Amino acid sequence: MIASPQRLYIITGKGGVGKTVVSLAFTRWLRQQGHDATHVTFGHHRLQDSSAPTRENPLAAWADVPRWALDLEESAEGYISKRIGSVLAAKWIVRTAFFRALVNMMPGFSYVIFLGRLLQAMQDQPQRVMVLDAPASGHALAMLEATANFREIFGAGAVYEDTQKMISKLYDPAYTGVRILALPTQMAMQEATELREAVAQIAPFDARIFLNQSLEPWRVALEGAPLALRAKLEMEREVRARAGDIPAIPFSAATDPEELWRDLSPAVAGLV
Amino acid sequence: MGLMPRPFEIFFGTGGVGKTTLATARAVQLAAEGRRVLLMTIDPAKRLKDLLGLTDAQAGLVVPIPRFGDLPPFAQPLDVLLMSAPHTIQRMAESAGVPELSQNRIVGVLARPNGGMNEILALIELDMRFQAGGYDCVVLDTPPGPHFLDFLEGLDKIRAFFDARFVEIFASLGRKVVDAAPTRGLAGRLVGKFVGAGVQKLLSYLEKVTGAAFVEDFLQALQVIYRARGAFVRGLEMERRLTAKDASHWFLVTSVEQGKVDEALAIRRDAAAIAPQGVFLAVNKCLGPVLNEWSPEGDGAKLKASWLSKEQALLEGARTGFAGVLAFPEIFTASPLDHVRALAEGWKQHAHD
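So the protein sequences, as listed, match chains A and B.
All residue numbers for the first sequence refer to my numbering, where the first residue is 339 and numbers rise by one.
All residue numbers for the second sequence refer to my numbering, where the first residue is 470 and numbers rise by one.
Honestly, the hints are just simulated from the structure, not real lab data.
Hints may contain errors.
Simulated crosslink set (BS3-like; lysine-lysine; CA at most 30 angstroms straight-line) [unchecked claim]: (1) K771(B) / K507(A); (2) K817(B) / K518(B); (3) K677(B) / K570(A); (4) K503(A) / K570(A); (5) K570(A) / K518(B); (6) K754(B) / K515(B); (7) K670(B) / K570(A); (8) K515(B) / K771(B).
The structure presented is a predicted model; accordingly, all values stated were derived computationally and were not measured.
Chain A on its own, in the form it takes in the complex (with noise of 0.2 angstroms):
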């Protein structure tokens, strides 16, 4: 087992930079490690009149780990059951129209009431590790302020504490790391130090940029490859001299998932 952990791992980056599969890459490769982790999704941030079915990632499967994907309704029964203590108010607070309808103007409420949910869990089973599939950088940034924003809103009171009781894991780097993948371009690397930059401005997070799809693995599969291909070779080079020392997670060309395993998994240790 290696040494300590962070606890709970936010994995984060704009769109499309491959966070599903790196997070789930990467909690299977806690869990070979021997450490009981999870890999955690945050479900629909708007309370439905009707349950609409949340679409399952065609990838979540193949990495055979434990998932949760919290359901923002559950979680906010869950909380105001325990901090008014009856269940049957939570549920009639959490079913009425004035209810759904502020925590659906303000998503920055969903947001604190999945973390209070997660962090929560997280105290009930001080073993488990938490991978959590985060939403996208500008949503995570939202996320991360949100608990500070609220505690403000609040300002005293029970829910206050709550809110200070989490933001002193949320925001603790011995606790919490933030892992920011970006794609090896010059746009994508400058969008990761932004948001490296702003999370910081937040707490002193342990945020850390990963490049993901790196090509350099296949540098000589690419040789004989047109001028403009090899190009995007050269950016990579190319923002790795301008960013300094920055840990790749390869491209995978993989169609199975144990191929994909194979290619990731001494990558995705980085991450730790």
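Given chain A, put chain B in place with the hints provided.
This is chain B only, laid out in the frame that chain A set:
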């Protein structure tokens, strides 16, 4: 279906696919043809911001740019608006005659750049810009959502919040609070006077866990929002305008690299409900033309097959259900100016397709 420009050109999709660059290129192309264009964008990368001549200090302001990079100057300047939630709230407060809206503590926190109200505020800002008038075309780069349709849900959110079920609550707040100049002890008075027993119960639960001070702040925020409801609800007007005949183009932007083939195809049905005239799928960063010049063996063949199969799945799968598929090639340069220039050229070609 041609690509004649329309009054509203909406770009949506998850981030990281070049949505902002593609929207900028569209605005540049339309302005270069002599049209009066407004580009509304939310979060361009710094280098694109530099190129558009924007600084963070100009957030929330309409900035006319006479030319883009070293392209020839436009006949009429291209207006660029870097959206800023606090500025939008400020304008809403002014237009509704409710200055408290921009002073309210809770509204202020929610209107922070990452406070989570971006979609709603973008719709309202769009409406305000439209009212200000004078544009042939407004190009809107919507806030990226974790799900493709997040931006469009802004409409539903406004509707739900000002739903008839709340009118009573708000009306009650309005009568009791607006008329009787709000002072301290407000929450206590209000809670006592609420007609709806449900609301009273809800607030008493709230007070139990948050304390009376928050409940008071909260009620004040609701009341202020309700008084300024006109400014929110007019955002709904956009729905009618956007769906009017020939009023808008919708571009769902995705990229081959992003590989979200399933998600892009799954959206077709939902999109039809929102944009009855159809949604264009703009596929960015296509490698096909370059890949077809390459006949590698071994690992190279594997790499090529992997890239090509994703791209083909996307382009082929999207042939039905979308108003059209617009492919844009991957631009192999680090310069955002060259990117925009090349993509603007792509838009020009698609117009003639």
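Do the hints match the structure? See the list:
{"no.": "1", "hint": "K771(B) / K507(A)", "in the structure": "45 angstroms, violated"}
{"no.": "2", "hint": "K817(B) / K518(B)", "in the structure": "23 angstroms, holds"}
{"no.": "3", "hint": "K677(B) / K570(A)", "in the structure": "59 angstroms, violated"}
{"no.": "4", "hint": "K503(A) / K570(A)", "in the structure": "46 angstroms, violated"}
{"no.": "5", "hint": "K570(A) / K518(B)", "in the structure": "24 angstroms, holds"}
{"no.": "6", "hint": "K754(B) / K515(B)", "in the structure": "21 angstroms, holds"}
{"no.": "7", "hint": "K670(B) / K570(A)", "in the structure": "61 angstroms, violated"}
{"no.": "8", "hint": "K515(B) / K771(B)", "in the structure": "36 angstroms, violated"}
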